[in-house]
Amino acid sequence: MELPFVTPRSQAERLEHAVAQLMAGDQPVADRAMAPLLEAAELVRAAMPPIPVGDALDARLLAQITQRRRANAAVDALEAFARRELQHPGRLIAAGAVSSAAVGAVTAVAVWRMRRHGGLSLRAGQR
Amino acid sequence: MNEERDLDRGRSAGSVPGGDPDLPAVRAAQADPAAFASLYRRYLDRVYGYAFYQLGDHHDAEDVTERIFLAALRALPDFEDQGATFRAWLFRIAHNTIANAHRSRARRRTEPLPDDFERAAPNADPAGHVAMADELREIRRAVAQMPDDRRQVILLRFVDDLTTAEIAAVLDRSPGAVRVLLHRSLKDLAARLSAHD
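Chains V and L are the protein sequences, given in the same order.
Heads up, the first sequence stops at 1125 in this note's numbering, and the numbers go up one at a time, no gaps.
Heads up, the second sequence stops at 206 in this note's numbering, and the numbers go up one at a time, no gaps.
By construction, these hints were calculated from the structure, which means they are not laboratory data.
Heads up, the beta-carbon is just placed ideally off N, CA and C, and yes, glycines get one too.
Heads up, a few of these hints could be off.
Which stretches of chain V does chain L cover? Using the computed rule of at least three CB atoms under 8 Å from a CB of chain L, they are [to be verified]:
#1 1008-1014
#2 1039-1051
#3 1055-1063
Residues from chain L that keep clear of chain V, each with C-beta distances beyond 10 Å, as calculated [to be verified]:
#4 29
#5 40
#6 69
#7 88
#8 101
#9 113
#10 114
#11 138
#12 144
#13 185
#14 203
Construct all of the structure, not just a fragment, from the sequences and the given hints.
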């Protein structure tokens, strides 16, 4: 009878298998040569536990994530607005014209008020 | 080399059996960034631990952890399920951010790590506790003094519990190369620890 061909596993692959058993909390099946390596792995796990993060960092990071989320939402809204407007070039031109007129009007009023105040103070100075 | 090539056949980098357990949360966070908070909660301690054990300083680790999560949040819309898991992707960002921190500070931390996170030994006698603390400190020192790639593979496997395939995705190596690296790293560590004894 012909035996099935089994690829011999390398040392590294056998170690990986034993480490996976160790990490799963099982007793690893290992030869004598592998024992000190698995012992070193267990020592690392004991010496380097997960470190709980301080409350200050947690609060700061969560605030930043939330803030970024708000900023992203604002950018998304702006993008959506621009996309909507670009679909209707007529509306975009009209909006541009209206906003330009508004800016022009505000500037004209500011200049007029500046001149008026300048004139008044000049006359007051002459008296 | 043949060994590595043989081991890599038919295995995708960064995958885990049964698929990526974080994928539903990732999809939710891509649709609504508010959902990123759950992924952040899940990985905060692990990413912080990885940074701390690499840098050996709480302040530096906090700074780097902050940068890692903000970078992940920025890049999340680009994350695609192409074999690599979310945690492999996140730890790759962590790995690159920590490498940049190392480069920008142009120094290598090999001093003993602080012990303020050390696990308490309940009901231990003071002498026994001191001996145990010394032993744990020696192990951390031995890991800190290992070459970068060996230290990284030890931390990713035994502290962060990443699979071989995930470590391969983080370190941009083949799974076979990671298996060989892990074998060498454990041999190196065992030798360092026995030299100390």
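Violating hint indices (sorted, rising):
Per hint list: 12, 13 and 14 violated.
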